[in-house]
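Enquirer: Protein chains in written order, with our numbering: chain A, 1 to 114; chain B, 1 to 114.
Source of the hints: derived by calculation from the structure; they are not laboratory data. Please note that a few of the clues may not be correct.
SDA-like mimics (lysine to any residue), calculated; alpha carbons at most 20 Å apart, straight line [as the list claims (entries may be wrong)]:
id, chain 1, residue 1, chain 2, residue 2
1, B, 68, B, 112
2, A, 57, B, 51
3, B, 49, A, 8
4, A, 55, B, 84
5, B, 58, B, 40
6, B, 49, A, 95
7, B, 68, B, 84
8, A, 57, B, 68
9, A, 3, A, 19
10, A, 57, A, 85
11, A, 57, B, 95
12, A, 57, B, 84
13, B, 49, A, 31
14, A, 57, B, 58
15, A, 18, A, 8
Quantities reported herein were computed from a predicted structural model and do not represent experimental measurements.
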Amino acid sequence: DVKVTQSSRYLVKRTGEKVFLECVQDMDHENMFWYRQDPGLGLRLIYFSYDVKMKEKGDIPEGYSVSREKKERFSLILESASTNQTSMYLCASSFGGRQQETQYFGPGTRLLVL
Amino acid sequence: AQSVTQLGSHVSVSEGALVLLRCNYSSSVPPYLFWYVQYPNQGLQLLLKYTSAATLVKGINGFEAEFKKSETSFHLTKPSAHMSDAAEYFCAVRASGGSYIPTFGRGTSLIVHP
Chain A
1 DVKVTQSSRY LVKRTGEKVF LECVQDMDHE NMFWYRQDPG LGLRLIYFSY DVKMKEKGDI
61 PEGYSVSREK KERFSLILES ASTNQTSMYL CASSFGGRQQ ETQYFGPGTR LLVL
Chain B
1 AQSVTQLGSH VSVSEGALVL LRCNYSSSVP PYLFWYVQYP NQGLQLLLKY TSAATLVKGI
61 NGFEAEFKKS ETSFHLTKPS AHMSDAAEYF CAVRASGGSY IPTFGRGTSL IVHP
């Protein structure tokens with residue numbers, strides 16, 4: 001079974017803190033994604049990576065950065081957390097090369113910024 | 001450009017009744033279409049996908065969806081709802097020949113009454 005794991009299920013941080021969200025997949029997938037999920041807004045793409053050290057901005061990259069030093073790991077960084085970044089964060093991965101490939105999602109990290 | 005519209009943010013049915021969740025897409029090229037389900041406090045998992053083979057696609061847990069090009073629709077159905085079907089459902093589209101990044105609808109919450 002494909003497995004995508006995220007470092008924390010729940011996280012509470014204070015405004016201004018630097019926050020690291022880690023995602024690891026075990027299926028040698030080329031593509032990895034970070035989304036945030038908010039009620040009524042669905043999934044919004046923050047960043048996408050199609051290879052090690054490669055990244056592309058998604059729809060809402062402001063206030064976020066990412067790192068992909070190894071193929072299996074994709075990190076999301078909130079440089080200075082703000083209350084409007086309180087959300088559910090979902091990581092996903094997929095094989096590269098074909099658009100019909102399924103995305104596999106992690107269980108999500110629910111982040112609360114106080 | 002591609003987009004997805006899910007009609008109805010909430011759908012309520014009785015146990016044993018027909019489930020119909022609507023999805024309309026916009027794509028300038030033939031699309032790949034996906035339905036994902038998210039159970040409470042979990043990530044998304046694939047229910048089914050259309051990849052230009054059969055227009056009627058069968059998925060897990062008794063769900064199916066029919067691709068109708070003339071109506072640009074990919075509605076999800078299940079003949080008889082079960083309490084365990086209560087979840088959030090997301091439709092997604094990815095244009096063939098385009099990027100690997102799918103576009104998600106805003107989601108439909110399925111409520112099942114006993």
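Enquirer: I'd like to know which numbered hints this structure contradicts. Please list them from smallest to largest.
Expert: 1, 2, 3, 4, 5, 7, 8, 9, 12 and 14
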